[in-house]
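Undergrad: Guided by the hints, dock chain F onto chain G, whose structure is given.
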Amino acid sequence: MWQVYLKELTELLRDKKTLMFVILLPILIFPVLFGIMGLVMANVSRQAEAEEHRYVVIHADRAAEFTDSLFYHKNFKQVTTELTSVDELKQAIRDDKFDVAIVIPADFDASAANLDQSKWQLIHNSSSQLDMISKHFNELLKGYSQKLQQAKLLALGVTMEQMPAVLEPVKVERVNTAESRENIGELIGGWIAYLLVPLCLVGASYPAMDIGAGEKERGTLETLLICPISRTAIVLGKFMTVLTTGLVAALITVVSFGGWGYIIGSMMGVDIVAKAMSTLGFIDLSLILALLIPLTAIFAALLLSLSIYARSYKEAQNYIGPLTMVVFMPLVVSILPGIELNWKLAMVPVLNVALGIKELVKGTIEYSLLGVVLLSTLVLAGAMIAFCVSWFQKEKVLFR
Amino acid sequence: MIQIQQLAKSFAIGKQNKLSDSEKNDVRFGGDRFHSVRNVSFDCAAGEVLGLLGPNGAGKTTTLRMLSTALQPDNGAVMIDGQDVIKNPLQARKRIGFLSSSTGLYGRLTARENIAYFGRLHGMAETELNQRIEELLTLLSMHEFANRRADNMSTGMKQKTAIARAVVHSPKVVILDEPTTGLDIMTVQTVLDFIQSLKQQGTPVIFSTHHLDEVATLCDRVVVINHGVSAFNGSLNEFRELTGSGDLRQSFLQVIQREAV
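Residue numbers (my numbering), protein chains in the order written: chain G, 1 to 400; chain F, 1 to 261.
Quick caveat, the hints were computed from the structure, so don't treat them as lab data. Quantities reported herein were computed from a predicted structural model and do not represent experimental measurements. There are no misleading hints in this set.
30 angstroms max Cα-Cα, derived BS3-like pairs, lysine-lysine:
1) G:394 / F:87
2) G:171 / G:142
3) F:94 / G:394
4) G:119 / G:152
5) G:396 / F:94
6) F:172 / G:394
7) G:142 / G:119
8) G:396 / F:87
Residues of chain F placed beyond 12 angstroms of chain G at every Cβ, according to the derived structure:
9) 154
10) 190
11) 213
All residues carry an ideal CB built from backbone N, CA and C; glycine is no exception.
Chain G extracted, bound-state conformation (with noise of 0.2 angstroms):
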C-alpha cells in the first residue's frame, strides 16, 4: 500500500496542474483575487461617497436655514428649473434633468407658533444599494429639525434642562455579555468553514481523477491489477493520496491566508488576523483539524469512487461536478443566521462539520456535541472507504 500511495504522490508532486490546483492557487491567487475585490468595493463606495447630487428645491424660501445648508453641502449641486408639479419633478429625474427634487409646501412658516406637522416630499430614484442621496438629506434635516424642535418646546415653556426629558424620556445603555471571540466568532467563523471544506475537495478531486480515471485512460490500470498486490492495497494507497492532497490543500491556504492577512494588517495597521488568531488556542485549531480528516476522508473515498468508475478523465469531470454543488449546499445552509448546531443537525454529514468549526472559533462548542460530529463523521468515513475498496474489487467498475 504504500509502494503504491509514495509513487502516487511523486508523481503527483511532478505534476504542474496539480501544484497550480494545490499550492498556487490558494498560496496566490486567491488572496490576490479578494485583494482585488476589496479594492473595487472600496473605489465603489469611495466614489459613491463622492458623488455630486443635483437637486432643486420648491419653495426654497419657505426655508432658508435648510436650503442654505443644502447649498453649502458639498455633495449637493443646485440647479433650477421652473417646474413645480410632482408628476413633472419626476419626469425631469428619469430624464436626468436632476437627481433629487425637494418640495417644501407653499404655506410652511419655520417661525409659526402653530404646532402643525409640515408634509415635505423628496423625490428621487432610490434603487441604488448605496441610497447616498437619503443619507445626505437625512442628515442635514435632522439637524434642521432639531433646531425647529428646540424653537417650539421653548415657545412652550420647557427649559433647557428638560428638553432631553421631553425629547427622549428613556435613554438605554446596552451591556453586553458576549466575549468579543464570541461576535468575531459568529462574524468569520461560518466563513471559515465556507472556505475550509470546499478547499478539502478541491484539493482532492484534481488528484482523485488523475489516479482513478487518469489511469484507466492511459491503460495502467491493467497492469496495476495484475500485480502481486492485493486490490485493496491498491486502493488504500490510492486513497491515502487523495486524503493527503485534500488536508495539505486546506492547510496550505490557511497558512498563506494567515501570512497575507497578518501582512496586510501590519500594513495598514489592522490587527484583525491576529486578534482572530490569538483567540483560537492549539486545542481548538487541533480539533478543527480532527474533524476536517474524517471529512477529508469521506470526500477522498467518494471522489475517488466516481473517478474509478469512469472511463476517462472527461467523464470523472462530469460526475465530480454535480458532488461540488451537493457539497456547498450544507455549507450555504451552516452560515445562514440562526442555525446552530443540535443533536439532530450533528448528524447531518458537511453541515455537522461546518457548524461545528464555526462553535469552535467562537468558543462556545459542547464538547459532547462535537463528539457526536466527530462519530458521525468518522462513522460515514469508514462506510465511505469501505464502500470504495469493494467498489474497487468489481470487474464492472474496472473494466468498463
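TA: Showing chain F alone in chain G's frame:
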C-alpha cells in the same frame, strides 16, 4: 508450462446498450448476459511460443485477461507449472508477465522509475531490483533514455520500457496482448526480437496478433478463437496443412468458416 482448460466468462448486458442486428445473431448472447468466452482450452510448454488468432471481438483479450488474473473466469482452470492461477491469484501473478496492447506507462515517471515501481510491487528487494533493471536496460539498449520521463518518449522507447516493466520480475510465463498492433516496423522488430529471446531462455510466450507473418516466423503452436470457443489448437505445421495450399491465411479462413456452418 501453462495449461488452460474450458475457460468461460460472461458479462451482464446493460439495458441501455442497443444491439445491432448482427450482434443479436451472435451465438454468444443468452438471456441478459453476453458469453464472451465460452470454451477455450489450450496449453503451452516451456520454450514454446503460442500465437492466439481470431477476428476482432472473438474473445482473445478476455481470455488473456483471465490468464493474467485481471478478470476472474466463471468456469474452467488455468494452471502454471501445476499451480492453480484462479485459486491463488496473488501467487500466480508473480509468475506471469503481462503486456497489454495499450502499453500504458506513468507519463510523469522516468523509464527507470516505471520499471522500478512494478518491481517493488512484485516485492523485489532493492539490490536485486537495481541489478535486474541494469540487466534489462542493457538487453533492450535503453540506457540513453532510462532517465527520461515517459511523456517525452517516442512510441518505440515506450514499448521497450513497457516490455522491461512486464518482465522485471523474471516471470515464468509471458502473455502479450496484440503487442505489435499500431507500431512502426522498427518497434515491431524490437517486440519480435524480445519474444525470440524469451523463447531461447525457455520461457513460454502466449501472444495474440492479427499478423500471420509473425505467426509464421515465431510460433510453435497456433490457437484460433472464434465466437468465444477455441476452434483450432495445434502446431504451426498442423495449422498450415489444414488446406492443401499451405497458406496460413487460407487455413485461418477455413477454421472461421468451419465454425460458422
